[in-house]
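J.: One-letter residues, chain by chain:
Protein chains: 2
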Amino acid sequence: MLDKVKTDKPNAYDWIGTRPVRPDGVDKVTGRARFGADLAMPGQLVGKVLRSPHPHARIRSIDVRAAAALAGVKAIVTADDFPDQAAQLYAAGEQTVDYRDMVRNVMAREKALYEGHAVAAVAATSASIAKRALRLIRVDYEVLPHVIDPVAAMKPDAPLLHEDLITVGVEPRPKGPSNVAKHIEIGHGDITAGFRQADLVLERSFTTKPVHQGYIEPHAVVASVSEDGQADVWVTTQGHWMVRAMCARLLGWDIGKVRVTASEIGGGFGGKTVVYLEPVALALAKKARRPVKMVMTREEVFLASGPTSGAHVRVKVGVRKDGVIIAAEAEMAYQAGAFAGSPVGAGAMCAFAPYDIEHVKVVGYDVVTNRPKVAAYRAPGAPIAEFAVESVVDELAQKLGFDPIEFRLKNAAKQGTKAAYGPKFGPIGLIETLELAKAHEHWKTPLGPNQGRGVASGFWFNIGGDTSVSLQLNEDGTFSLTAGTPDIGGLRASLLMMAAEELGVNLDRIRVQIGDTGQLGYNMLTGGSRSTFSSGMATVEAARELKREACKRAAKLWELPEDAVEYRKGTVRPTGPNAGKHTPMALRDIAGIAGKTGGPIAGYARLNAQGAAPSFATHIADVEVDPETGKVMVIRYTAIQDAGRAIHPSYVEGQYQGGVAQGIGWALNEEYIYGPDGKLQNPGFLDYRVPVASDLPMIDTVIVEVPNPRHPYGVRGVGETPIVPPLAAVANAVANATGVRFPDLPMSPPRVLAALDEARSQGAAKM
Amino acid sequence: MLDKVKTDKPNAYDWIGTRPVRPDGVDKVTGRARFGADLAMPGQLVGKVLRSPHPHARIRSIDVRAAAALAGVKAIVTADDFPDQAAQLYAAGEQTVDYRDMVRNVMAREKALYEGHAVAAVAATSASIAKRALRLIRVDYEVLPHVIDPVAAMKPDAPLLHEDLITVGVEPRPKGPSNVAKHIEIGHGDITAGFRQADLVLERSFTTKPVHQGYIEPHAVVASVSEDGQADVWVTTQGHWMVRAMCARLLGWDIGKVRVTASEIGGGFGGKTVVYLEPVALALAKKARRPVKMVMTREEVFLASGPTSGAHVRVKVGVRKDGVIIAAEAEMAYQAGAFAGSPVGAGAMCAFAPYDIEHVKVVGYDVVTNRPKVAAYRAPGAPIAEFAVESVVDELAQKLGFDPIEFRLKNAAKQGTKAAYGPKFGPIGLIETLELAKAHEHWKTPLGPNQGRGVASGFWFNIGGDTSVSLQLNEDGTFSLTAGTPDIGGLRASLLMMAAEELGVNLDRIRVQIGDTGQLGYNMLTGGSRSTFSSGMATVEAARELKREACKRAAKLWELPEDAVEYRKGTVRPTGPNAGKHTPMALRDIAGIAGKTGGPIAGYARLNAQGAAPSFATHIADVEVDPETGKVMVIRYTAIQDAGRAIHPSYVEGQYQGGVAQGIGWALNEEYIYGPDGKLQNPGFLDYRVPVASDLPMIDTVIVEVPNPRHPYGVRGVGETPIVPPLAAVANAVANATGVRFPDLPMSPPRVLAALDEARSQGAAKM
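Here the protein sequences come in this chain order: A and B.
Residues 1 to 767 (this note's numbering) are what the first sequence spells out, left to right.
Residues 1001 to 1767 (this note's numbering) are what the second sequence spells out, left to right.
Looking at chain A on its own, in the form it has when it is part of the complex (with noise of 0.2 Å):
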């Protein structure tokens, strides 16, 4: 597993690319890390979310006075405690987000749009008074038929979510209200004309199903207002400055009354970047002038907080003979759930993005149906969307005769390459992971029986972005390190090791915390893969003023000019001509004074992280396919990507194991199964399967280090890429194992072996 290629210079740095203990293990495995639900204040409240059964359903009227009256109960909310809000967009990394939509999110408005869309919420002095206050709540509902699917939400006669929704991205724009929130379209050259020139064209359809990021921890939050607006939250949250904004929009109230702490977090993947209890909690305690805890159950977590979306992708590829593809094509349907806003646009983007392709075009339809409003999921989109594309391309090289890593090579981006999504290459890994899956004793590895090896490539933009971090030099030469994106992949131990390597001093020597909203500047959440590039780049960035600044000190005491003292491993000399005529003080020393020198000694860095760099994956994988059940067995996995620089391997390794994993449920288990009824038949860890240890085999990984020249220690961004290829490289190998392309995921055993016994009854399969 600890097979690391650097293609960089070994050993250039102290810290950069080791693998010391990790600061927040000891917390987590005894059990003291605070987690969302692990806060309790004084005197506070239990909140619980009515919830709607209806898929659809107008809402003509919300009875709480038997609720109200019920001893225990501290307040009680509906939509109408949240103003209405206007369509604005509020940015957030990847996502943007409709303030007019969310606050229908958080509280259904008009009407509710799925299954356990929240409808009215109770704080009250016990659990058990919640619910039964929930229970004397009487809604009256007038229900509305319902639409699941996209495709079928996409036709005119679908029931319509919302009667004013007007598809954008269309000229001219439809006069009438449709399911199809938008329409886009991106690409490059000619695609008729190079469909003319291609010598091989190959067309399919996939389709995929909603599944859900899996977080162990649910959702939860205490939340407490003051008489006099002053509001303070502890929230799991991958981002606490936009539970801030996105709270005190809703709600109404100035960003600076807000106080937002993050929580450790225990798991987010994307599903934690929005806002569900949070708002609602804010409101009960403002209205029951006590503090409120709210914390969802796992039911709650399947019904109401954003899985990914399910989605038809269908793509069409044009090959000369020579094997180089000459066009490409794809158009794909997102469903949103009840609200605008999939991730078809990150899909669209990145469908074609590891190759070199001289027409693309790709069409993509963001649909509303009446399921949970979809959110973010590691590298959001982009699964779905290579998935469909890195099978055909695995068709068209088994089609063409080509070994599957050799026609990727062939078709390879690489520096300079113009991307389908718009931009120019600066310098890439892909080329590098696809030579070393060829090289890789895996792909040489012979198969057994009823075994099949598929391989696949995978990429994620990485996004830059709002950044804070305040760096201080105590009394002692110790330091404390603030940063502001939640650590939930390891960020405080790659920040510690950027900011020793920077300093020259001992890891041991720096402490790093998560700040909270009031104490340190924006910062944007943690996604996008953006953490440890852009906290990692601003921590380097106050490091160096704390270096200049203590040279500073230096020189004041010295009474030298500032350029001519310098910061050499956790000292200040002399430089230059007058290099010898004091002797080097330790940072210690220099601390420990800093009161006589001009005050407390600090660096802060507040930045809009520019240059983040995509990362690309190439990953293997063997399966086993059991021709009596259907049921596939990823037996062998090898995870190649490039991480521009991975600061702390362990971590890396566990970013590529970890995607991998929830890659693999994706391929064969995990879905939401709705029955007619338009409701969610497995709400629960039982019913909807995620991979367990028995499951999967061990992930063997293989980091690759082509440094992102726009960050000082080359850092990419590795989080998100990993969950792209396995989708793919899954249904490769049980296409090569079996003979049998599945285009709809999940390849679970009732649909293999349904497929199985199709195209054995054909005389197709391979088993």
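The set of hints was computed from the structure by calculation and includes no laboratory data.
In this text, a Cβ means the ideal position worked out from N, Cα and C, and glycines have one as well.
Don't take every hint at face value.
[What the hints assert, rightly or not] Which residues of chain A face chain B? A few of them, derived with a C-beta cut under 10 Å, are: (1) P23; (2) G266; (3) Q513; (4) N523.
We have chain A; now place chain B onto it with these hints.
T.: Same frame as chain A, but now just chain B:
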């Protein structure tokens, strides 16, 4: 009460000098504010301290085996758990502390030096188990003779507290040990020549008793230490950076490993500027591997936390016939408690500070005794010294037939006066307070039978020091301001107002919070009357940096040079030749697109605040003495003091009133009563009598404003000076009523009655 005299141009400001609702108020009156004992950490243990029953005893051995064996006991610590310390000094504001002594005060090592001295501590699953465990600890004491009074302790045959304590400040240095820790001498001129020029010389001796700060909230702390040494502390304190530094030092840990959060504080007055329970809780938490909460009982607060010194003071003043004080001398012995460090230095410096005297000399002794180590108490040392001096000044005026205010005016320090403690005064407001006293209706109102009136002036230095503040501009144009000095007396209100003034925005746009030690740069504690001055100066600097940054961003948008944009009242606009070329932008618009112009907008200040300036006061007290019981009632009181600038006059008035209330308690009732066994007989508020509402008149206040030219808003610091004059003002009033001078405090009924009876027997009493 709400009289206000502005010597400065009125209405020059939008916010400074107004009286908005206090931002810390609602949480305090609703019970939401969380004080030291209000935090519960999951799994926390209860810590309790075993204290010495003897005022002086050698500790032969401590046997904790039986206690450790008790079910529910999770950790026991004794002095062995704290590394011994060298005698290095830690400078914390006006006080310095010796770590060698501190580690012994926190946990007795070779000897127990006062009744209540901590000897061991236990952490257990409940308070009752912890208490039972304390009873099971066997301490083998060798009881030693003790000494309580400082003059007794100075005698050659007095019991020695520290066998190695050699007086410092005497040349040649004594060879043998004594209880005199320090000898100081300050002054200028030729005191012998001065007295020769005097026409009248008066010499008097005074004593004061130790008095406690009497904060309502006892010391309380919750501490947690992770297995990898990351420590978190929640504590009621005047300075959490001080707690961090002291705990790290006493435990031998890195400062950066310890994160301290200051709770709301229920009074400190100097008493929460050192550590008692904090390092013990940390040591227990580390050993028990669970959080530990410790809260002192009131009895423990009296026995084991620092009151201020009791003292003996001799004052000799020589006056010319024309009323000019030509020479003044004082000798003062302050008891320090069990370890060196009484405020005799500050007392000596303050003694004659209100006067312009040609020849002056003050000698002081710092004397250890078998009592709790003293801590700072509001203007540490000054009330004692100035009580003595102002009593003598009053008697001199009387003897010379001068009006006491006229006499003071004749000798008052003013700009250019060389203070007895060294520096030349800048602009100061003593004369203004005297003139206002003279003109005040109170001074002219006739007195009734058995009533008397007294006047006294007072002085305190005020200090600056290391300070950090951060100011964030939020996305909607609101602000988050973080300071690091605990808000004891309205700090959040005054910083809020200075920030609003500087930014030209409404108060409700800014929320102020007190940052923890991890998230903000170093801050000296709240004490010395430094917080509004220093954190205010830092707030202004941070606001100015933020405004410059906002102009820079607008310049970038408008493509103008940076200096072509100006900030005015929450907007930025082109200026000079470009004025009118662009529509001014509100800060919220600049804030909303901060990411596009370079990232979050913030201002950070880290400075060593220079330019603190003294505050002088003159108080008038009316008393009525019951000739039959000796009970003194203060029936009217007016406190006139120079605030420099009163940012929020109501808080300033509150400081004046609070200082007077405490000074009246000191003058009339408060004292530590020791039996011949060296044990405190009144460790509780029933027997240690602080003034309650029915003991006090409405305390009228007059705010004088002679701005401090070195603070952007003229702030001086107001918290300490008000406790200085009351002792003498009340004593002079009692002398005026009775014809009897009271050189010994407190003037409690039995003492007053005895003195009256004696004076009556000599025909010297007026009643």
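J.: For the hint on G266 (chain A), does the least C-beta distance to chain B fall short of 10 Å?
T.: At about 16 Å, which exceeds the 10 Å cut-off, the nearest Cβ of chain B leaves the hint on G266 (chain A) violated.
J.: Is the interface hint for N523 (chain A) satisfied, with its Cβ closer than 10 Å to some Cβ of chain B?
T.: N523 (chain A) check passes; min Cβ-Cβ to chain B is 8 Å, inside 10 Å.
J.: Does Q513 (chain A) pass the interface check with chain B, least Cβ-Cβ distance below 10 Å?
T.: holds, 5 Å
J.: Taking the least C-beta to C-beta distance, is P23 (chain A) closer than 10 Å to chain B?
T.: P23 (chain A) check passes; min Cβ-Cβ to chain B is 7 Å, inside 10 Å.
Going down the numbered hints, you'll see the structure goes against just number 2.
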